[in-house]
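**Q** One letter stands for each residue in the lines below.
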Amino acid sequence: MKYMMFVCTDAQPDTDRSDLPDIEAWVAQNDAQGRRLRGAELAPESVATTVRVRAGELILSDGPFAETKEVIVGFDLLECENLDEAIEVARAHPMARAGRLELRPFADSGQ
Amino acid sequence: MTADLAAVAADAYPRVVARLIRMTGDWTLAEDCAQEALTSAVQRWPREGVPANPGGWLMTVARNCAVDVLRRGSVERRKLAELGALTPTEEEGPETLDDEEIVDDRLRLIFTCCHPALALESRVALTLRTICAVPTAEVARAFLVSESTMTRRLTRAKRKIVEARIPYRVPTGPALAERLPGVLAVLYLLFTQGYNADGEPAFAAEAIRLARLLRRLMPGQSEVSALLALFLLQHSRRHARQDAEGNLLSLERQDRSLWDRDAIAEGLDLVAGLDRDGPYGLQARIAACHATAPSPPETDWPEIAGHYDELARIHPTPVVELNRAVAHGYAYGPRAGLAMLARARSGGGLHDHPLALAAEADLTSRIGDHTRAAALFRQAAAVAHSEPERRALLDRAEENAR
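Each protein sequence line maps, in turn, to chains X and L. Take 1 as the starting number for the first sequence in full-length UniProt numbering and just add one per residue. Take 1 as the starting number for the second sequence in full-length UniProt numbering and just add one per residue.
Since the hints were made in silico from the structure, they are not lab data. Certain hints may be false.
Examples of chain L residues lying across from chain X (beta carbon under 10 Å, computed) [said to hold, decoys possible]:
{"id": "1", "residue": "I161"}
{"id": "2", "residue": "I166"}
{"id": "3", "residue": "Y168"}
{"id": "4", "residue": "P171"}
{"id": "5", "residue": "G220"}
Chain L residues, not near chain X, derived (Cβ > 10 Å throughout) [stated by the list, open to error]:
{"id": "6", "residue": "G55"}
{"id": "7", "residue": "H115"}
{"id": "8", "residue": "E163"}
{"id": "9", "residue": "A164"}
{"id": "10", "residue": "P167"}
{"id": "11", "residue": "A175"}
{"id": "12", "residue": "L180"}
{"id": "13", "residue": "L248"}
{"id": "14", "residue": "P316"}
{"id": "15", "residue": "G348"}
{"id": "16", "residue": "S386"}
Every value quoted in this text rests on a predicted model; they were computed, and no experiment measured them. For glycine and all other residues, C-beta sits at the position ideal for the given N, C-alpha and C.
Full structure from sequences and hints, please.
**A** If you want it as structure tokens, here you go:
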């Protein structure tokens with residue numbers, strides 16, 4: 001089962017940053033176990049461009065469409081047996097505490 | 001006959017659903033086929049007599065139904081082949097429904113319906129619908145939403161279970177300790193839905209039935225026994241909680257002869273057996289103090305206040321702080337209670353809460369300031385959540401105004 005894990009910032013991160021998991025160790029471990037297929041950090045949202053087509057006309061705008069406090073800063077593509085396993089992988093990621101993680105299953109890999 | 005049939009159905013339906021979900025992974029199919037098995041039982045048993053093993057009979061009919069449906073759907077052929085277990089063979093004989101496997105299936109069903117990745121309301125609704133077999137219309141009524149809204153909510157929850165692949169299992173090791181409180185919270189919410197003045201009384205009985213089942217399935221878990229004890233002790237007062245006009249009566253105004261002695265005895269037995277005091281254990285001990293007091297003045301308030309102190313330490317919520325202040329008010333005088341209440345309200349969350357206003361009104365009345373007490377009771381009535389609650393508060397206001 002494939003899950004897209006969006007790595008996001010959060011307005012209320014955990015204030016206790018002691019023993020924050022090491023991101024390199026997290027990547028190395030999950031790569032080795034075949035649970036992380038790939039992943040990347042994204043450039044800040046200030047570099048983002050929003051694309052829309054309305055009534056046939058291309059509309060481009062600078063940055064994300066909405067004013068948001070929480071933004072996606074990266075992603076990891078996970079291969080896990082089920083949601084519980086994906087949750088365990090996510091909980092060990094440093095951004096689970098410094099931000100938030102959103103797990104979204106791929107729509108067609110369920111059956 | 002009809003009553004027997006209803007009892008068999010109530011008992012067998014969730015077992016059949018639980019096993020079919022494990023076999024097929026398809027929640028809707030499992031529910032439809034369990035329903036179909038019940039329908040044929042209703043038609044055939046009165047004519048042909050109840051079979052020797054009614055649960056096994058229902059399971060066989062439901063399983064055949066699932067096989068038929070899967071055979072008809074061309075897309076599902078592959079799945080059917082994978083589920084060789086679905087095809088009954090001659091040697092196997094009739095299904096049985098009382099083995100260890102079914103115990104596991106039901107427990108799996110409870111943990112899956114109560115998975116924390118589902119919204120809390122969906123968990124409660126799914127538990128009612130799938131494990132208790134409560135019709136969707138009744139679940140909708142309890143949540144004050146339309147039947148179609150509830151149908152959509154249930155469909156979304158079942159879709160998420162399948163599409164996000166929420167595992168159909170009981171977690172093990174440390175994960176069990178993390179997940180069990182969530183399951184207990186769902187049962188507690190279910191009980192409350194039944195116990196509130198405007199709730200669905202049958203849900204309280206369902207919550208008790210589920211807590212009993214969970215306790216049978218997980219006998220070593222102290223908090224499970226504690227929750228069952230808490231339910232029994234609270235439910236023992238159900239016939240004494242309202243007067244003839246439907247007004248809610250506080251504990252001290254209830255006719256204690258109307259309390260259900262059997263339920264109290266069972267609850268006290270469970271409390272005596274607790275080996276660890278979690279949040280439900282402490283609440284059960286508090287309920288036990290009330291249940292064993294021969295009259296309101298003989299209530300052991302210092303004991304109750306002590307349990308609330310401990311509860312506030314491990315599980316501080318605004319309502320716990322409120323009840324703690326009330327308990328201290330009875331144990332150590334209304335002024336001590338008012339001081340604690342003021343501190344609790346400064347923490348936020350209790351501002352203009354009808355129960356907080358009512359508690360302040362009651363403590364103020366006991367100090368002797370009846371004018372202010374009457375005003376506070378009226379203020380509480382203005383924000384009360386239900387009509388019986390509102391009437392009870394207005395009565396208290398009038399008593400103080402005299």
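**Q** Looking at the structure, which of the earlier hints fail to hold?
**A** Result: hints 5, 7, 8, 9, 10 and 11 break, sorted rising.
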